[in-house]
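Novice: Model the full structure from these sequences, guided by the hints.
Number of protein chains: 2
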Amino acid sequence: MVDAMNISVDAMGGDNAPAAIVNGCLLALERRGGFNLQLIGDQAAIRQSLDAYGYAGDRIGVINATQSIGGDEVPTKAIKEKKDSPVALGLGLLKDKKTDAFLSCGNTGALLTGAMLITGRIKGVDRPALAPMVPTMRGVSMLIDAGLNTTCKPINYEQFAQIGSIYMRAMFGIDEPKVGLLNVGTEENKGTAIVKEAYGRLMALDGINFIGNIEGRDLTDGKCDIAVCDGFVGNLILKCYESIGSFVFGGIMDIFKKNLKNKLAAAVLKGDIKALFKRFDYEEYGGTPILGVGGSVFKIHGNANAKTVMYAIDRAVAFTNSSALDEIRECFGRKDSAPA
Amino acid sequence: MVDAMNISVDAMGGDNAPAAIVNGCLLALERRGGFNLQLIGDQAAIRQSLDAYGYAGDRIGVINATQSIGGDEVPTKAIKEKKDSPVALGLGLLKDKKTDAFLSCGNTGALLTGAMLITGRIKGVDRPALAPMVPTMRGVSMLIDAGLNTTCKPINYEQFAQIGSIYMRAMFGIDEPKVGLLNVGTEENKGTAIVKEAYGRLMALDGINFIGNIEGRDLTDGKCDIAVCDGFVGNLILKCYESIGSFVFGGIMDIFKKNLKNKLAAAVLKGDIKALFKRFDYEEYGGTPILGVGGSVFKIHGNANAKTVMYAIDRAVAFTNSSALDEIRECFGRKDSAPA
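Residue numbers (our numbering), protein chains in the order written: chain A, 1 to 340; chain B, 1 to 340.
No lab work stands behind these hints, which were simulated from the structure alone.
All the given hints hold, so there is nothing to weed out.
Given that identical chains are not distinguished, each listed pair holds provided it fits within a single copy or across any two copies.
List of simulated lysine to aspartate or glutamate pairs, EDC-like, C-alpha gap at most 16 Å: (1) 190 x 73; (2) 307 x 15; (3) 258 x 272; (4) 270 x 254.
Specialist: Shown next, in the form of structure tokens:
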């Protein structure tokens with residue numbers, strides 16, 4: 001292996017492991033240089049998959065894991081008991097600075113819990129958050145938190161805004177990312193007691209471009225770059241978002257295939273419709289950072305295909321290359337806390 | 001006027017008042033018989049609008065209101081101070097049994113507050129709820145509460161399930177409507193402390209077909225007939241739902257109109273795409289009942305056009321004709337409470 005950035009990937013998680021993950025890794029390596037990959041999981045299965053794709057390069061290493069965590073396992077229990085699972089191993093390597101990033105398509109709860117317990121929070125960050133990008137009329141916006149924290153304190157909203165702003169600046173080059181607080185109305189006095197207090201804190205916060213409360217439709221309209229909410233709300237919105245997109249596009253695909261007449265007409269429109277689909281394509285947004293932990297940790301969709309894995313690795317490389325992690329440390333006090 | 005069901009409509013609320021509302025009323029009267037309408041608002045403006053549409057029948061009455069409540073007014077204050085507004089007058093008529101239903105496109109908060117303060121809750125109902133229908137892959141599902149109660153107690157989820165079940169049985173003929181609890185996972189132990197307690201209550205509740213926790217995507221998939229949640233979550237989901245639909249369909253319409261080639265192809269697909277659009281068409285679901293108050297109260301979209309108003313009136317007539325209100329009273333103890 002050449003001396004370069006090292007990215008570790010859980011080869012066993014998700015619906016299409018290890019083939020889609022191995023394939024995605026190969027696509028990522030083709031796409032850009034400057035990093036090596038480390039696949040963690042059942043060594044024999046990974047080797048078999050690498051052979052099947054005819055890979056003979058030196059940019060992929062394999063680390064054997066004798067255990068794996070299923071999608072239905074209770075996260076805390078699984079992380080504590082399965083120390084030889086890809087997630088526990090990968091997050092441990094990250095903590096020990098033996099890898100630069102870790103990605104997994106597996107059990108979301110286990111990855112989140114592991115990121116907290118093994119890799120540890122950045123000092124001063126009260127609660128890390130899952131921060132996916134969602135498509136909007138103007139591009140994409142970050143939804144933070146989308147499921148790590150079922151309930152939040154006012155300080156969490158404030159920190160999500162800060163961490164999110166650093167990420168959007170570093171990764172999307174947006175100078176003063178607009179932060180909106182998801183609420184049931186735009187007026188200052190809207191929402192629960194906690195959300196109202198969060199509003200006050202965000203208003204008073206320096207270094208953040210807070211545009212006030214935003215409603216559900218404002219998110220889709222792209223009124224802000226970062227939509228701040230608790231993980232209960234964020235998770236529900238994210239899953240509605242994904243499924244409404246599939247619902248509508250599925251309906252359109254059915255129409256396109258309905259009969260010969262439709263098929264011919266669809267052929268004319270295909271390129272344009274594809275471009276529209278692409279804006280809703282979670283393959284490209286498949287890698288979701290867990291922000292606030294002391295390393296680059298990315299969750300990939302459980303049903304990810306090779307392309308999704310490729311884009312996620314791409315994103316992890318960019319994040320690791322960026323100054324975002326250092327800036328978050330800087331923002332909250334420079335040092336990682338001990339794992340909780 | 002003939003002796004028939006009487007439906008009162010706020011002629012002044014919403015973005016397109018009074019013309020769209022008057023037009024919608026005329027369409028509703030054409031559509032079915034058995035009821036009369038009463039328009040409440042600026043009498044001169046209403047008369048002018050009726051004249052503009054050339055209405056000369058005897059099924060519409062007009063009640064003058066010297067005040068009106070703007071979209072930005074603080075609901076409680078507006079309802080208390082503007083006793084001669086359409087909302088205050090209409091809900092008062094409903095309370096006094098001088099009308100059978102009241103509909104408004106205006107300030108949602110004022111309508112909800114007015115329904116609580118003027119018309120009053122059904123005795124035993126802790127909190128009424130706003131209960132819109134959202135499109136799903138299998139048809140439509142009710143989302144309850146979608147914005148009346150920012151925070152909820154466990155008993156509220158239980159009552160939403162009961163009230164929602166009565167409505168879906170009476171209005172949609174579904175024998176055992178499936179009730180789902182919106183949550184961040186399907187497992188029993190998911191969610192906030194309140195949602196967990198609501199889960200336990202729903203599990204123990206007789207007469208309800210509770211299918212357990214549902215995620216955001218289950219709502220779109222149509223896994224349940226009634227999705228129960230607090231008003232903060234419900235409002236955000238509803239608005240995302242609406243805007244994601246508009247976003248995707250807007251994108252498709254742009255493609256259809258992009259150039260001559262696309263226009264010709266689109267002409268072939270138009271009928272089918274229109275049918276798909278129709279499933280996402282809030283015009284048909286524009287009338288949303290406020291369930292748990294002692295009368296038929298419907299909120300219509302603020303940007304409703306005449307067709308939306310027509311469908312909402314249609315729905316209010318059906319609801320008033322149904323046994324739903326009596327069944328809700330029966331379920332919770334037979335008598336309306338005094339206005340709070």
